[in-house]
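J.: If you want the building blocks of each chain, they are given just below.
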Amino acid sequence: QKEVEQNSGPLSVPEGAIASLNCTYSDRGSQSFFWYRQYSGKSPELIMSIYSNGDKEDGRFTAQLNKASQYVSLLIRDSQPSDSATYLCAVYTGNQFYFGTGTSLTVIP
Amino acid sequence: EAGVAQSPRYKIIEKRQSVAFWCNPISGHATLYWYQQILGQGPKLLIQFQNNGVVDDSQLPKDRFSAERLKGVDSTLKIQPAKLEDSAVYLCASSLNRVSIAFFGQGTRLTVV
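Chains as they are written, first to last, in my numbering: chain A, 1 to 109; chain B, 1 to 113.
Incorrect hints may have been included.
[As the list claims (entries may be wrong)] Quick partial rundown of chain A residues pointing at chain B, CB under 8 Å, derived from the structure:
id, residue
1, Ser-43
2, Gly-100
3, Thr-101
The set of hints was computed from the structure by calculation and includes no laboratory data.
Quick reminder that beta carbons are idealized off the backbone N, C-alpha and C, glycines included.
Please put together the full structure from these sequences, using the hints given.
T.: As structure tokens, this is what we get:
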């Protein structure tokens, strides 16, 4: 079992819709959770971090964490074509960061 | 504030040749990571340094890969000899400490032919 699992997609949503990205992790002791955005040919950039159960909102982005279900998600409201990218879920277990394979998102104008 | 600097940006070598990558982390960041990202996959940790000491190198192919961070700042990653399957983007990242957010450099795209 992989440490971090994501649906690879591709996920397509129309402009203005809500995009929902999901991630599960295997280590119950995981402490910190991150969402990175990676444009094609570019390096990952951090967009959200979340450390406790519940929701965390930052502009159009909302991260949701459920440690009991070992599940973390990212919601993007009012999706824009510029949001088209691969979204990587990263989990810090207390030892190292593990990345998922990423979900490719395309926002259709 | 300057970000993580990496060089070169691109490198093409023949199999069995050697190659080295350089990384300069964000000033003051004690933790430095080298990741390998193969096309279509997420980054895979190769080695993690805390200052100039190795914290985790469990996924580093030590028969061909080596890395050092002698003065606790800059780091180099070397591959010798390279194989076709080493073609990937090599990402360097740094963080203030082991539990802080990691910031990535632009990466070095290696093509082995």
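J.: Against this structure, judge whether each hint is valid.
T.: Each hint tested on the structure:
Hint status for Ser-43 of chain A: holds, given a least beta-carbon distance of 4 Å to chain B, under 8 Å. Restraint check, Gly-100 of chain A versus chain B: the minimum CB separation of about 5 Å is within 8 Å; hint holds. For Thr-101 of chain A, the suggested interface contact is upheld, since its CB lies about 5 Å from the closest CB of chain B, less than 8 Å.
Consistency note: the structure conflicts with none of the earlier hints.
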